[in-house]
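If you read the protein sequences in the order shown, they are chains D and X. The numbers in the numbering used here rise by one with no breaks, and the one at position 52 of the first sequence is 53. The numbers in the numbering used here rise by one with no breaks, and the one at position 52 of the second sequence is 407.
Careful: at least some of the hints might be erroneous.
[To be verified] Quick list of in silico lysine-lysine cross-link-like pairs, PhoX-like style, CA-CA up to 25 Å:
#: 1; chain 1: D; residue 1: K37; chain 2: X; residue 2: K404
#: 2; chain 1: X; residue 1: K455; chain 2: D; residue 2: K41
#: 3; chain 1: D; residue 1: K37; chain 2: D; residue 2: K23
#: 4; chain 1: D; residue 1: K20; chain 2: D; residue 2: K37
#: 5; chain 1: X; residue 1: K455; chain 2: X; residue 2: K404
#: 6; chain 1: D; residue 1: K37; chain 2: D; residue 2: K19
#: 7; chain 1: X; residue 1: K455; chain 2: D; residue 2: K42
#: 8; chain 1: X; residue 1: K455; chain 2: X; residue 2: K423
#: 9; chain 1: D; residue 1: K42; chain 2: D; residue 2: K23
#: 10; chain 1: X; residue 1: K455; chain 2: D; residue 2: K23
#: 11; chain 1: X; residue 1: K404; chain 2: D; residue 2: K42
#: 12; chain 1: D; residue 1: K41; chain 2: X; residue 2: K404
#: 13; chain 1: D; residue 1: K37; chain 2: X; residue 2: K455
#: 14; chain 1: X; residue 1: K423; chain 2: X; residue 2: K404
#: 15; chain 1: X; residue 1: K404; chain 2: X; residue 2: K416
FYI, nobody ran anything at the bench for these hints, they're computed from the structure. Keep in mind it's a predicted model, so treat the numbers as computed, not measured.
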Amino acid sequence: ETGVTQTPRHLVMGMTNKKSLKCEQHLGHNAMYWYKQSAKKPLELMFVYSLEERVENNSVPSRFSPECPNSSHLFLHLHTLQPEDSALYLCASSQDGDNEQFFGPGTRLTVL
Amino acid sequence: AQSVTQPDIHITVSEGASLELRCNYSYGATPYLFWYVQSPGQGLQLLLKYFSGDTLVQGIKGFEAEFKRSQSSFNLRKPSVHWSDAAEYFCALRPYNTDKLIFGTGTRLQVFP
């Protein structure tokens with residue numbers, strides 16, 4: 002595997018379910034990001050991890066819980082989501098201090 | 356406030372025609388500027404970036420962009436569009452000394468044969 006991978010690519014869940022999104026980067030980077038992409042809205046930065054420490058949390062509801070166990074992996078744990086949380090969730094990574102972020106293909110999430 | 360505006364939601368061009376996608380930004384200093392492309396079902400791929408120096412930057416796939424400070428713009432251009440360029444294009448800025456990327460709402464490009 003090369004670059005940034007995300008699993009699953011598609012996820013359908015009910016409002017009472019608990020699920021997790023996974024992101025893995027194979028680039029040796031030390032910063033990782035979660036973005037939310039909704040229709041007709043700009044990409045929204047959700048979380049930033051640098052050296053496995055959360056450095057930014059953009060007022061994201063607590064039903065979204067990130068986890069970064071090491072510099073190569075990033076998770077987004079989901080519970081009691083709402084239909085308006087349906088979106089494409091993109092993961093990205095970068096080398097701290099570098100300006101370029103590399104994106105994964107995203108997970109298309111549908112909340113019923 | 357820091358923001359990025361892409362005035363054109365949807366653009367249609369014929370294959371072989373020239374292309375210009377508009378991007379305007381609001382930021383108190385010179386930002387780092389980026390153009391990304393997203394094909395259906397894919398993540399974002401970096402086309403080009405501007406940090407400083409020459410205001411005309413070359414990117415991949417034959418794209419270029421010109422930074423104009425006086426107009427707060429960073430428009431993307433391509434002299435001859437190919438059908439495979441059909442995708443969504445995002446302009447983004449990164450304020451100095453942060454990890455945060457601020458994106459525009461995107462421009463969807465459709466290419467007719």
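Here is how each hint holds up against the structure:
1. D:K37 / X:K404: Measuring from Cα to Cα gives roughly 22 Å; hence the hint holds.
2. X:K455 / D:K41: Distance of about 20 Å is within 25 Å: holds.
3. D:K37 / D:K23: holds, 14 Å
4. D:K20 / D:K37: holds, 16 Å
5. X:K455 / X:K404: holds, 15 Å
6. D:K37 / D:K19: Holds: D:K37 and D:K19 sit about 18 Å apart, inside 25 Å.
7. X:K455 / D:K42: holds, 17 Å
8. X:K455 / X:K423: Satisfied, since the Cα-Cα distance of roughly 22 Å is no more than 25 Å.
9. D:K42 / D:K23: Measuring from Cα to Cα gives roughly 23 Å; hence the hint holds.
10. X:K455 / D:K23: holds, 21 Å
11. X:K404 / D:K42: With Cα atoms ~22 Å apart, X:K404 and D:K42 stay inside 25 Å; holds.
12. D:K41 / X:K404: Status holds; Cα separation ~24 Å.
13. D:K37 / X:K455: holds, 14 Å
14. X:K423 / X:K404: holds, 14 Å
15. X:K404 / X:K416: Answer holds: X:K404 to X:K416 is near 14 Å, not above 25 Å.
In terms of the numbered hints stated before, the structure departs from none.
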